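Enquirer: This is what each chain is made of:
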Amino acid sequence: MNCRKAEKLLLKSFDGRLDGRDRDLLASHQGTCPACRKAEKEYRTMLGLLKHGREAAPLPRFWERLEPRLREETELMPLLFWERWSLRAIPVFLTLVILLGGFLFFAPQARELGQSATLLLENRDPLSETQALFDTDKADTRTMMLLFASLDEKAPARRPVP
Amino acid sequence: MEEKQLVRLAQEGSPAAFEELVAKYQPKVFSMALSFTRNREAADDLAQEIFLKAYLALPRFHGKSEFGTWLYRISINHIRDFLRKKGRAKEISLDDVPEISFSDREQAEKAEQERETEARRTLVQTFVRSLPEKYRVIVTLRDIQGLAYEEISRILKLSPGTVDSRLHRARRMLRVKLAPYLTGEGGANELSQG
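Sequence order for the protein chains is A and B.
With my numbering applied, the first sequence closes on residue 162, and no number is skipped along the way.
With my numbering applied, the second sequence closes on residue 194, and no number is skipped along the way.
Read the hints as simulated data drawn from the structure, not as lab findings.
Fair warning: there could be bad hints in the mix.
Here chain A is said to cover these stretches of chain B; the calculated rule only asks that three of the stretch's residues, wherever they fall, bring their Cβ under 8 Å from a Cβ of chain A [unchecked claim]: (1) 9-23; (2) 42-53; (3) 134-148; (4) 151-162.
Note that the coordinates shown come from a computational prediction; the quantities given were computed from them, not determined experimentally.
Glycine included, each C-beta is placed from N, C-alpha and C at the ideal position.
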């Protein structure tokens, strides 16, 4: 066994992960290799010094200092939640506004109302004026009135405003 | 009370249950932070922030792993962030290491030996901090914190084989750096005593 393999076994042995056969191999190598014995001593010292680090005692009153911070954070949580979501809501709101604006802008404009629709909306009977013409006794007068009425229909701008 | 029960109560908002969990894990979290920072005040601040983070994240803990493993994972990530922000990842050269003299150690008083041992501890910690992060974390969890391979594997989400090879490499790197300082007494055979 060479020193490199011995070192690997040595490090495993510190973690108690060496089986009986490997342990014997390592022991026999170390018996004949001063460099590996030195390495073992150095590793033991090093790991011993490292192990000392876990004995550190924490500062006093840890919980007493932690508890107010926990309470404060818990109280702030709804605000933080709202802050987080309000930040996300802004782009969503802007997108909706843009979409709505686009829809209104590009939607077909409402057509002007036709004459019949206007009359209906004004609650006027479209036949009442015509009926008055037909009710006229004189045939000539009736014909003339119908003629003027038809001219008025073709040129609504000339029609006198009531 | 069992840990699972404590975790459940803490999730339901019981401060007393969380206090018990803090009492149980506080020394480990603190010493882990200390081994990375070497500053008690900074380690204490980190430990407080870690527990705060854990408390706020408790509703998202579903018990898929042990609470301790989950907490260690939070701790490691938080400490990593802290170190990145502080820019502590720089390599430490031998020039930065305090000089230790062993010339008259046979005649030195007990107090002097203790001082030397303390200086060696500081030296080891200094070199641990000089390791690349992936090795430093493994050495800290295994050789300082004393966690089992399987637990380290779960915390770091690495295969046991990777943990093994990284630890092996980290220890070798450390020994190479420390070899000139390890031949003296004071601290030797501490492993066999511990």
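Enquirer: Taking the hints in turn, state whether each one holds.
Expert: Hints versus structure:
no.	hint	in the structure
1	9-23	holds (count 5)
2	42-53	holds (count 6)
3	134-148	holds (count 6)
4	151-162	violated (count 0)
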